[in-house]
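Since chain A is already given, all that's left is putting chains B, C and D on it; use the hints.
There are 4 protein chains.
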Amino acid sequence: MDERNDLILNIQKQFPKLSKGQKRIAQFIIENYEKAAFMTASKLGMETSVSESTVVRFANNLGFEGYPQLQRALQDIIKTKLTTVQRVDMGKEYSTDLEIVERIMKSDMDNMRHTIEMINAAKIETVIDMILNAERIYVLGLRSSKSLADFLGFYLGLILGNVVLVGHGISDIYEQMLRISDKDLLIGLSFPRYSSRSIEVTRYAKEQGAKIVAITDSEISPIANMADEYLTAKSNMASFVDSLVAPLSLLNALIVAIGMREKSDIKEHFNKLETIWEKYKIYDGDY
Amino acid sequence: MDERNDLILNIQKQFPKLSKGQKRIAQFIIENYEKAAFMTASKLGMETSVSESTVVRFANNLGFEGYPQLQRALQDIIKTKLTTVQRVDMGKEYSTDLEIVERIMKSDMDNMRHTIEMINAAKIETVIDMILNAERIYVLGLRSSKSLADFLGFYLGLILGNVVLVGHGISDIYEQMLRISDKDLLIGLSFPRYSSRSIEVTRYAKEQGAKIVAITDSEISPIANMADEYLTAKSNMASFVDSLVAPLSLLNALIVAIGMREKSDIKEHFNKLETIWEKYKIYDGDY
Amino acid sequence: MDERNDLILNIQKQFPKLSKGQKRIAQFIIENYEKAAFMTASKLGMETSVSESTVVRFANNLGFEGYPQLQRALQDIIKTKLTTVQRVDMGKEYSTDLEIVERIMKSDMDNMRHTIEMINAAKIETVIDMILNAERIYVLGLRSSKSLADFLGFYLGLILGNVVLVGHGISDIYEQMLRISDKDLLIGLSFPRYSSRSIEVTRYAKEQGAKIVAITDSEISPIANMADEYLTAKSNMASFVDSLVAPLSLLNALIVAIGMREKSDIKEHFNKLETIWEKYKIYDGDY
Amino acid sequence: MDERNDLILNIQKQFPKLSKGQKRIAQFIIENYEKAAFMTASKLGMETSVSESTVVRFANNLGFEGYPQLQRALQDIIKTKLTTVQRVDMGKEYSTDLEIVERIMKSDMDNMRHTIEMINAAKIETVIDMILNAERIYVLGLRSSKSLADFLGFYLGLILGNVVLVGHGISDIYEQMLRISDKDLLIGLSFPRYSSRSIEVTRYAKEQGAKIVAITDSEISPIANMADEYLTAKSNMASFVDSLVAPLSLLNALIVAIGMREKSDIKEHFNKLETIWEKYKIYDGDY
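Chains as they are written, first to last, in this note's numbering: chain A, 34 to 320; chain B, 34 to 320; chain C, 34 to 320; chain D, 34 to 320.
Only chain A is shown next, with the shape it has when bound in the complex (with noise of 0.2 Å):
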């Protein structure tokens, strides 16, 4: 990964023609980029003595539309490096209990928002066609993605039937895709920190000829470089939890949808689920 590189040369390439403020955000940029990537513009400002529009300039003349997109360029080079421990201090300037539940709910907004701007139809439909023309789905997703998986995998088994949920039970994930072949599909959900495991099994699906989807948080992820098509979501990074509301909101949407090109299978399916439901008395019936 040089993405980091890119960003840093980028900005020495750029120097000498920068303005004297500039300069100065250059230089604290590049000696302080995990600092640098969680201030506003207009402390970036106060910190290097220049005016908040000074700032936006220095981002346009990077090829940035604005200081935001500078801002999440310094944050997805660093996003994968910071480690719990750091993820836990950036949380310190709150004092109250509401500050700090307002503050996060309203970063997974944001990230919602990022997530529901980036939607690419034709990557939405690729990746239902991909679905729905499987022979098998294998649903892959470890660590706090595994919560993804089971959503994922518990609502497309009862759409489709031939869907396959792994790393559960006593079997290891390579004796559960033992069988996986060039008419099957893996669907890899793999946020940041990555998982060394997810992209490992991923891999092996991509060798044994299996196409692949993957759902992650950008096109430079390492699953989304092994995948035939992914679909991105923008997962937080404002804590120690690996927030993962927006991918969370994606794969309903993308439920949904499957749903809906299968309609009258599904209904035939929830026919008989509700009369067993009603049968077992599985849900509150007051209510």
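Any given hint could turn out to be false.
[Unchecked claim] From chain A, some residues computed to sit far from chain C (all C-beta separations above 10 Å):
no.: 1; residue: Thr-73
no.: 2; residue: Glu-85
no.: 3; residue: Ile-110
no.: 4; residue: Leu-165
no.: 5; residue: Asp-215
no.: 6; residue: Lys-239
no.: 7; residue: Ile-253
[Said to hold, decoys possible] Here are some, though not all, of the chain D residues that point toward chain B, as calculated from beta-carbon distances under 10 Å:
no.: 8; residue: Phe-48
no.: 9; residue: Leu-51
no.: 10; residue: Phe-187
no.: 11; residue: Gly-190
no.: 12; residue: Leu-191
no.: 13; residue: His-201
no.: 14; residue: Tyr-207
no.: 15; residue: Arg-212
no.: 16; residue: Glu-233
no.: 17; residue: His-302
no.: 18; residue: Lys-305
no.: 19; residue: Leu-306
no.: 20; residue: Trp-310
[Stated by the list, open to error] Chain B residues, not near chain D, derived (Cβ > 12 Å throughout):
no.: 21; residue: Met-142
no.: 22; residue: Ile-152
no.: 23; residue: Gly-190
no.: 24; residue: Gln-209
no.: 25; residue: Asn-258
Bear in mind the hints are in silico, worked out from the structure with no lab data behind them. Just so it is clear, CB atoms sit at the ideal spot from N, CA and C, and this is done for glycine as well.
Using the frame of chain A, we list chains B, C and D on its own:
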């Protein structure tokens, strides 16, 4: 449950005072509230041959700030009665994959906005205090709420250590809760359609003297009624999938707030984990 | 269930023809059959002031080959009625850890011996044919039978591929069995005390037209009654632990016999797995 | 591991003193020990043109009580080297399902007999003391040993309460063992082929100061080497299935012995559970 009757009764009570057009709206809602709950103000106007602004005034006359609030009240009533089959039909007017995906994700954002608005500082603090003061914390979530429970149990377990995630493995929930007592806390996660089993287990915990915190969708949910304290997050009924995006974001935020209270402890834990993760190459090192 | 009445009625019917000493035995058994079922012939003789050989003749008069057969019949009657609390008390006369360990393990060996004696070549072949001919094989085992189901599901999955282990993860058993049909097979594992849920689920599978194979403790168990074919293995009631040693050995043997029928296939699978295991260092290389 | 060399070296050392016929046996074993380990004395005699009694004397000369002991030593050497593929081939000479089933189950009985013979009263007592004195008990078993771990964890959890079954759910083993300390105990279950991960995790627990109890197949297994105390049970290598019948029986017995020490406690727990089981109809009432 008499909430439905309350709203319908209120409409009937206001009926004499309403304008001719508003009476047609009232009539239509009383007879078709399940349909009305999903119409826009303009569609409801067309259906009853009144203007959109008449619909809005009708909502105001019933004491609602606007039509969206009336609509939400109608949706709340019927929410838990909609079967999955009806919910599949609700998606019918959308034609492209993209439209569906965007609609679902925007609906998740609405839920999040609504959830943030409902946040109550005192409740948050009480819940965190209850969690930090419990001798043991039992985390309960079944069916689609199980992935929420997994997520909460995982992080609370990292931070606190005295956490039991029930409903896993070969033992039954009651066997796992054999020793629950009045020094312990049960955190019950329950969203529509409410699992009968979750209600039953929560009642059992209460009978054993345990404190109850409910994380649920409304103050009138069955599990909120039994709880010593509760937090609410909007779940989604816009499709056959139980959307738990806003609840997941609330849990995220809650976990971070708890972590901030126990900051030195969790830094120590994470320091230890980082060493282990590096030693066993749990995370991808190139990213 | 009138098995109890049958044996007791039979004793009462034979009563007039019995010798004086045998009458005392009969009386004692009728009044204390739950106690008698766990006495040796010699102890029962002492209790009723007769010789051990009188006890044996008494068993013969009732049509049993010997005392062990009578005793087993008594145990079968009460087996499923004994609560765990009674079963804890059954261990009372043993004083050292060693005595307990040896008693339990010897009792497991007796169960195995008994199980091997009951093996029926035709039943074994039928069960294997049913397994190899099914389109999908669902494996069901709940509560203490769940570890048996995990074991069977794991190895059948390796050999055959079309295996679904139900009762795991976030979906409900019925959701996992949504598509079960008359081309499919349910293997139900059920040992005393019989789980109500297992019986209910097996009934559901039968209603959907699926074939049923029961692996259970006796031909009169509830699940055997519903099965197209069944195999029996003795479970242990000598303690509060449900001993599933003989059932596990039967599953072992069944899996190997299926493997031998599919030999070239499984060699191919294992060749592939050995390569993976070596590549990822799954097994310790020094041993 | 040089056990193999030890036995082979010993044969080579004794070689000069052996009779002509015994020399042929020695030669054959050195060159074909993997084959010899599964021959009867009579077959080995035929292969090397000596009488069966010469084979027995050969075993005696090497210091073994009889041929079975020599054979077992040979089997122990190669056991962990046999791949699943070789183990599939080992079943080749059996033609009917019944023969296979009986052979496997009898081999399980042999393992149990062998295991009972090896029981050591002092070790049993030490292990039970260690279990009862630990602050927390972590139960570890991976791959095929996982169903053993589930079983042990389930019952120990009922009896003792302070039990953590690791290797489940979305968190990693190390995260579940984050707080393990020198007041705690790890019970490691490990049978051939030994999982590398289990060895690694046991080493980690030891480094944290925890006491280690190994339940394994021999005193020279990797996990026994790290343990403060260990118990052995014979596992089966007669097929491609890891037979864990004797280990399961040993766990059964161990659980009952622990239960007898905590008798009044577990009666109280079971009384409570019986009430719950009846209330929620967990067990079938007709049986």
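Comparing the hints with the structure gives:
Residue-level check passed: Thr-73/A sits 40 Å from the nearest beta carbon of chain C, beyond 10 Å. Distance check on Glu-85/A: its Cβ is at least 48 Å (rounded) from any Cβ of chain C, clearing the 10 Å threshold; non-interface status holds. The beta carbon of Ile-110/A is kept farther than 10 Å from every beta carbon of chain C, the shortest such distance being approximately 31 Å. Distance check for Leu-165/A against chain C: the nearest CB is about 17 Å away, which clears 10 Å, and the non-interface claim stands.
Every beta carbon of chain C lies more than 10 Å from that of Asp-215/A, the smallest distance being close to 15 Å; the non-interface claim holds. Chain C leaves Lys-239/A outside its interface by the beta-carbon criterion, the shortest separation being 14 Å against a cut-off of 10 Å. The non-interface label for Ile-253/A is consistent with chain C: the shortest C-beta to C-beta separation is roughly 26 Å, beyond 10 Å. With its C-beta approaching chain B no nearer than about 47 Å, Phe-48/D sits outside the 10 Å limit, and its interface hint is violated.
Against a cut-off of 10 Å between C-beta atoms, the interface hint on Leu-51/D is violated, since the closest Cβ of chain B lies about 50 Å away. Given the 10 Å rule on beta carbons, the hint for Phe-187/D holds: about 5 Å separates it from the nearest Cβ of chain B. Below 10 Å, beta-carbon pairs count as interface contacts, and Gly-190/D has one with chain B at about 6 Å; its hint therefore holds. The closest approach between the C-beta of Leu-191/D and any C-beta of chain B is roughly 6 Å, which is under the 10 Å cut-off, so the hint is satisfied.
The beta carbon of His-201/D comes within 6 Å of a beta carbon in chain B, closer than 10 Å, and the hint placing it at the interface holds. Interface restraint check: Tyr-207/D against chain B, minimum CB-CB distance 5 Å, threshold 10 Å, status holds. Annotation: Arg-212/D was flagged as interfacial toward chain B, and the flag holds, the nearest CB pair being 5 Å apart, inside 10 Å. Interface hint at Glu-233/D: satisfied, since its Cβ lies 7 Å from the closest Cβ of chain B, which is below the 10 Å cut-off.
Hint status for His-302/D: holds, given a least beta-carbon distance of 6 Å to chain B, under 10 Å. Against a cut-off of 10 Å between C-beta atoms, the interface hint on Lys-305/D holds, since the closest Cβ of chain B lies about 6 Å away. About 7 Å separates the beta-carbon of Leu-306/D from the nearest beta-carbon of chain B, less than 10 Å, and the hint is met. Interface restraint check: Trp-310/D against chain B, minimum CB-CB distance 8 Å, threshold 10 Å, status holds.
No Cβ of chain D approaches the Cβ of Met-142/B within 12 Å, the least distance being about 26 Å, so the stated non-interface status holds. Once the 12 Å rule is applied to beta carbons, Ile-152/B is consistent with being away from chain D; the minimum gap is 27 Å. Against the 12 Å criterion, Gly-190/B falls within the reach of chain D, whose nearest CB is about 7 Å from its own CB. Distance check on Gln-209/B: its Cβ comes as close as 7 Å (rounded) to a Cβ of chain D, failing to clear the 12 Å threshold; non-interface status is violated.
With a least CB separation of 21 Å from chain D, Asn-258/B remains clear of the 12 Å interface cut-off, as annotated.
Violated hints for the displayed structure, listed by number in ascending order: 8, 9, 23, 24.
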